[in-house]
Amino acid sequence: MTAPAQSTGFVSLVSAGPGDPELLTLKAARRMAEADVILFDDLASGPVLEQAGPQTELIAVGKRAGRPSARQEHVNALLVGHARQGRRVVRLKSGDAGIFGRLEEELIALTEAGIPFEIVPGVTSASAAAAAAGLPLTRRLTARRLQFVTGADVTGHLPEDINWAAIADPGVTTVVFMGQRSFPKLADGLRAHGLPPSTPALFAEAVGHPHQRLVHTTVGELAEMMRNAEVTQPGLILYGPLAFRDQKGQSDVPNSAS
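Following this note's numbering, the numbering of the sequence shown begins with 1 at its first residue and continues without gaps.
Since the hints were derived computationally from the structure, they do not count as laboratory data.
Because the structure is a prediction, the values reported are computed rather than measured.
Using N, Cα and C, we set each Cβ at its ideal position, and we do this for glycine too.
Where hints are given, some of them may not hold.
[Claimed, not checked] Under the rule of at most 25 Å between Cα atoms (straight-line distance), these lysine to any residue pairs were calculated in the SDA-like manner:
| no. | residue 1 | residue 2 |
| --- | --- | --- |
| 1 | Lys185 | Gln233 |
| 2 | Lys27 | Leu158 |
| 3 | Lys185 | Arg140 |
| 4 | Lys27 | Lys185 |
[What the hints assert, rightly or not] Simulated DEER-style distance windows between Cβ atoms:
| no. | residue 1 | residue 2 | range |
| --- | --- | --- | --- |
| 5 | Pro159 | His211 | 28 to 38 Å |
| 6 | His193 | Gln233 | 23 to 33 Å |
| 7 | Asn228 | Ala165 | 22 to 32 Å |
| 8 | Asp153 | Gly86 | 19 to 29 Å |
| 9 | Arg71 | Ala192 | 31 to 41 Å |
| 10 | Gly194 | Gln55 | 16 to 26 Å |
| 11 | Gly134 | Ile108 | 16 to 26 Å |
Build the full structure now, drawing on both the sequences and the hints.
Written out as structure tokens, the structure reads:
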């Protein structure tokens, strides 16, 4: 779908990538430069917003666990309201907008309001984390399946309807989004369903940002680390046959609560 002329309201749901502005797509950067208004997530701020044009109005609508956040209904209303004023609207979402980004709610709101839109895909933090760690996400013989799962339901707790057989499969690369607080409980379930605690794991914190940190460990060790960890940065967990330790066998430890 191609963006129409400036006189027609239009919404571009733009994926900001993990935070490094160099990982923005050319289309994402162009849409930001042309926008009249950008509604941006907390995790899609910082240097990425430097792509906005001098005429662009910036509105923060981020949602972070445990912090005051914009309600989704309010975000939907802003998208529709600005578009109805004939403005070029960018909804800037972190990572890839289609992966645990509450994209569906906004698509429904725009469709019901008759607002034309496009989706601009981007680099998910899972791909960026694996690349930063020097890992592939799949391997022909030992990791022929890749799955993205969430470690938090709408209440912020571990979902109750987990497909344990799928996520405890030792031949799969599994990436857990929003799972720092719930990972100890998740790891207990994985162990109960046959996944060895020695399964390699990678914890990636603040992917794509200058203070990015990668922790090479195992599922069992990471669960113990996370039991007393203070969650201060966005992070994701990758485990499976490809999340091996680095060549020096070094492993950092997440920030611990004092």
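These are the hints, each one checked on the structure:
no.	hint	result
1	Lys185 <-> Gln233	holds, 20 Å
2	Lys27 <-> Leu158	violated, 36 Å
3	Lys185 <-> Arg140	violated, 31 Å
4	Lys27 <-> Lys185	violated, 40 Å
5	Pro159 <-> His211: 28 to 38 Å	holds, 29 Å
6	His193 <-> Gln233: 23 to 33 Å	holds, 29 Å
7	Asn228 <-> Ala165: 22 to 32 Å	holds, 30 Å
8	Asp153 <-> Gly86: 19 to 29 Å	violated, 38 Å
9	Arg71 <-> Ala192: 31 to 41 Å	holds, 37 Å
10	Gly194 <-> Gln55: 16 to 26 Å	violated, 57 Å
11	Gly134 <-> Ile108: 16 to 26 Å	violated, 40 Å
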